[in-house]
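The primary structure of each chain is shown beneath.
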Amino acid sequence: MSVLFILIIVSLTVAALFLVAFIWSVKNGQYEDAYTPSVRMLFDDELKQETKKSIK
Amino acid sequence: MSVQIKNTTVCFHCGEDCLDEAILLDNKHFCCSGCKTVFEILNQNNLCDYYDIEKMPGISPPKNAIKKYEYLDNEQIFEKLIDFKDNEQALVSLFLPQIHCSSCIWLLENLYKLNPHIISSRVSFLKKEIKIAFNYSDLSLRKLVELLTSIGYEPEITFSNVSNSKKHSVDRSLIFKLGIAGFCFGNIMLISLPDYFGLDNIKDNDFSQFFGYINILLSLPVLLYSASDYLKSGWNALLRKSINIDVPIALGIIALFFRSVYEIISNTGAGYLDSLAGLIFFMLLGKIFQQKTYAILSFERDYKSYFPISTTLIDTDGNEKSVSVSEVKVGDIILIRNNEIIPVDALLVEGYAQIDNSFVTGESVAVHKNVGEKIYAGGKQMGQAIRLEVIKELSHSYLTQLWNDEAFIKQQQHQFEGVTNAMSKYFTIVILIIAFSSAFFWWQTSIKIAIHAFTSVLIIACPCALALSAPFTFGNVLRVLGKNKFYLKNASVIENLAKISTIVFDKTGTITQAAKSTITFHGNTLLKEQIDMIYTLLRQSSHPLSKLIFSSIKDAELLTIIAFKEIPGKGIEGSFNHHKVAVGSELFIKEKQELNPTSTTVFIKIDDKVVGYFQLENSYRNNLKEVLKHLSKKFKLHLISGDNDSEKKNLMTYFGSTTQFLFNQNPEEKLNYIKTLQKNGEKVAMVGDGLNDAGALKQSDVGISISENVNTFSPACDAILDASAFDKIPLFLKYCKGSMRIIVVSFIISFLYNIVGLSFAVQGLLSPVVAAILMPLSSITVVVFVTLATNLLYRRKFKA
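Protein chains in written order, with our numbering: chain A, 1 to 56; chain B, 57 to 856.
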């Protein structure tokens with residue numbers, strides 16, 4: 001049963017890491033703008049040089 | 057329908073209709089050379105994906121805007137505008153109101169392809185803001201802004217950007233507090249689990265001690281950090297010898313903590329630390345829920361966000377120089393170009409002044425001023441450049457003076473006492489009496505039970521449910537109102553709105569539509585050819601009235617015009633193949649004034665014969681009559697206007713006979729009128745729009761600013777109402793009143809829980825399990841109740 005002492009301390013440490021990660025992400029401004037990234041991720045990468053020529 | 061084909065040509069860049077002069081490039085039509093230029097810039101830089109993401113995403117760039125940005129070369133202005141700089145890079149945030157689609161995001165984030173000195177750019181779509189990192193030694197801020205302007209995104213840089221020392225950083229402490237409380241709450245609950253199930257026989261003494269100490273450790277950050285606001289606020293209230301809701305909360309928190317620590321250390325029980333952490337977690341949750349903010353709305357804007365940073369000064373040698381508006385002195389000569397705002401009170405020295413005061417007075421029709429006349433700050437020049445002599449500095453100008461009125465300085469010191477705090481006074485006193493009398497009762501039997509009962513009462517009476525009902529109700533109400541385009545500054549506005557007894561309306565722009573006038577033609581029936589000629593002639597003029605009438609004429613064709621002349625302040629003349637047409641003021645056309653000059657008229661003369669006139673009338677908002685009818689049943693209505701009383705008769709039919717009408721009121725008189733009403737014990741809501749209402753909006757108990765487009769400027773106020781939701785005003789007021797009733801009911805529910813809890817507590821029978829069940833249960837009941845009730849009320853009021 002005494003292994004519980006270690007387990008609880010380990011589990012608390014892991015949980016604390018997530019807390020730190022949360023605080024870091026808030027400080028980093030990750031929740032400031034929840035809209036723009038959803039649009040940004042849909043933009044294509046610069047791979048279609050050919051198609052651009054046709055516009056010219 | 058061959059005519060239709062001509063009209064369907066739309067600009068490849070901005071989607072506007074191409075008129076006759078459409079420009080063709082690469083088989084694409086453009087409505088103006090500005091749009092074509094943007095396309096060329098983008099095409100050269102391989103940025104034509106812009107047109108693939110959304111159809112016709114472009115914004116037609118403003119004309120002749122290049123000279124405007126000279127002031128950005130000024131070192132001090134540069135320092136104030138940028139967020140950060142090191143030896144090479146600078147970071148600047150600019151507000152681009154034109155951002156409207158995903159193409160905008162794509163183009164603006166690819167700015168570095170347009171200019172190699174731009175390092176990176178990032179758009180925040182909801183805030184309509186762009187953050188640009190650039191090499192400021194190679195690319196000046198002015199060049200950067202000019203680049204943005206040239207592709208159609210003209211940044212809005214106003215006086216307030218520069219005068220506010222630094223942008224306030226976002227307060228994230230509440231989120232941290234909530235996060236930490238949530239973390240501790242969860243873990244304490246987990247560790248307290250054996251207690252909940254009464255597993256006393258399994259755990260040996262070592263475990264319960266160990267669990268207890270870990271719980272104390274976990275509850276410390278909750279007590280010291282997460283709960284610090286409640287403790288501080290409660291303590292401050294006591295220092296001021298008053299009681300607010302935080303006093304009983306703080307007492308409960310302290311009693312909870314110390315009793316738990318005592319029980320754990322003395323090994324007599326498990327304590328109530330789970331209840332403590334849960335309580336604080338839920339209360340912080342309520343606080344965050346109540347803080348609904350609208351990213352791009354600002355309720356604190358003053359004249360500074362309206363005025364430009366700089367103006368063009370003409371020195372004694374006749375040279376033009378860009379100076380900061382605050383440096384302009386009396387006697388200086390300033391140059392105001394087309395579409396620029398006049399920053400200070402001044403006299404017209406030279407040029408043809410056509411002042412659009414729509415912002416200051418709400419009047420949509422531009423006013424003509426003669427040389428030597430006084431022009432107040434805030435107007436916008438339309439047409440050619442004019443020269444003005446400054447007669448008052450910025451800080452002494454008419455509009456600025458209004459802002460220095462005490463209504464603005466005292467910043468509403470008489471903080472409204474919320475319903476929760478009013479209730480908590482009696483609550484706290486009752487709780488303390490119960491706590492002390494139960495302690496006194498048990499004192500003879502056992503001191504231990506006495507202390508036990510005393511702390512139990514404080515713990516169980518901790519008004520968490522009471523403290524939760526208002527935030528959750530208000531948070532929900534704010535969201536519902538926001539969904540219906542009525543944006544409140546904060547939750548206390550709801551309480552004020554529920555108490556309103558008098559509503560004061562401004563006229564122009566508030567009950568009338570600023571941008572829309574009804575244009576009617578009086579006179580002979582016009583032939584098709586005559587309409588076409590008038591249409592063509594109006595097209596030549598940049599006068600706002602011409603534009604208004606031009607856009608109101610449907611089904612007309614453009615003809616070839618042979619000669620055209622504009623006589624400033626009077627009208628326009630043009631010759632066609634066989635006819636001569638003149639359009640203008642009554643005096644100009646008929647050479648005498650016959651009609652009542654209070655209404656705006658434009659006369660038409662064809663071949664020396666007056667054929668009739670256009671009359672422009674303000675059109676009232678939709679459903680104005682019904683809105684006023686509803687409101688007049690419950691509220692006293694007043695109308696206060698800066699205009700003359702020419703429309704009084706008409707307005708009477710809308711407002712009814714009980715309404716007070718006041719005309720020819722200047723901004724200060726408006727403010728004072730509100731003050732008088734308040735002195736008579738009325739709770740006043742002011743509904744207005746322009747800067748001229750700013751004083752009255754601020755003075756009133758609830759200032760509601762109506763805006764056709766909520767993204768643009770609205771004066772400092774408590775609430776912003778989108779003009780399209782005007783007809784819902786009675787619903788909004790009813791909803792606020794209903795929400796107050798919901799709060800009262802939720803108070804009763806939480807009192808019932810308290811009575812049950814107290815009956816355990818005074819007997820000294822409160823166990824951690826009872827506390828752990830009762831406290832969250834009461835909180836959750838209240839939260840669920842108010843959420844359901846506000847939603848139900850919403851459905852009944854708005855969807856019926």
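A couple of the hints might just be wrong.
Away from chain A, derived, C-beta distances all over 10 Å, residues of chain B [claimed, not checked]: (1) D105; (2) S158; (3) N243.
Distance ranges between label pairs, derived from CB positions [what the hints assert, rightly or not]: (4) V840(B) <-> I9(A): 32 to 40 Å; (5) E585(B) <-> S38(A): 30 to 38 Å; (6) W24(A) <-> I447(B): 53 to 61 Å; (7) L403(B) <-> S38(A): 48 to 56 Å; (8) S25(A) <-> L147(B): 38 to 46 Å; (9) I836(B) <-> A15(A): 20 to 28 Å; (10) S25(A) <-> K603(B): 47 to 55 Å.
Keep in mind the hints are simulated off the structure, nothing from the lab.
Everything numeric in this text was worked out from a predicted model, so none of it was measured.
Here a beta-carbon is modelled for each residue, glycine too, at the ideal position from N, C-alpha and C.
Tested hints:
Here D105(B) does not stay apart from chain A, with its beta-carbon only about 7 Å from theirs, under the 10 Å limit. Here S158(B) does not stay apart from chain A, with its beta-carbon only about 5 Å from theirs, under the 10 Å limit. Under the 10 Å C-beta cut-off, the non-interface status given to N243(B) relative to chain A is violated; the minimum distance is some 6 Å. Evaluation of the 32 to 40 Å hint for V840(B) and I9(A) yields a pass: the beta carbon distance comes to about 37 Å.
Distance hint for E585(B) and S38(A): a CB-CB separation of about 55 Å, inconsistent with the stated range 30 to 38 Å. At roughly 56 Å, the beta carbons of W24(A) and I447(B) sit within the given window of 53 to 61 Å. Checked against the hint of 48 to 56 Å, the C-beta distance between L403(B) and S38(A) comes to roughly 54 Å, which is consistent with it. A hinted range of 38 to 46 Å is violated for the C-beta pair S25(A) and L147(B), which are about 21 Å apart.
For the pair I836(B) and A15(A), the supplied restraint of 20 to 28 Å holds, since their beta-carbon distance comes to about 24 Å. A hinted range of 47 to 55 Å for the beta carbons of S25(A) and K603(B) is consistent with their spacing of about 51 Å.
In this structure, the earlier hints numbered 1, 2, 3, 5 and 8 are contradicted, and the remaining ones agree with it.
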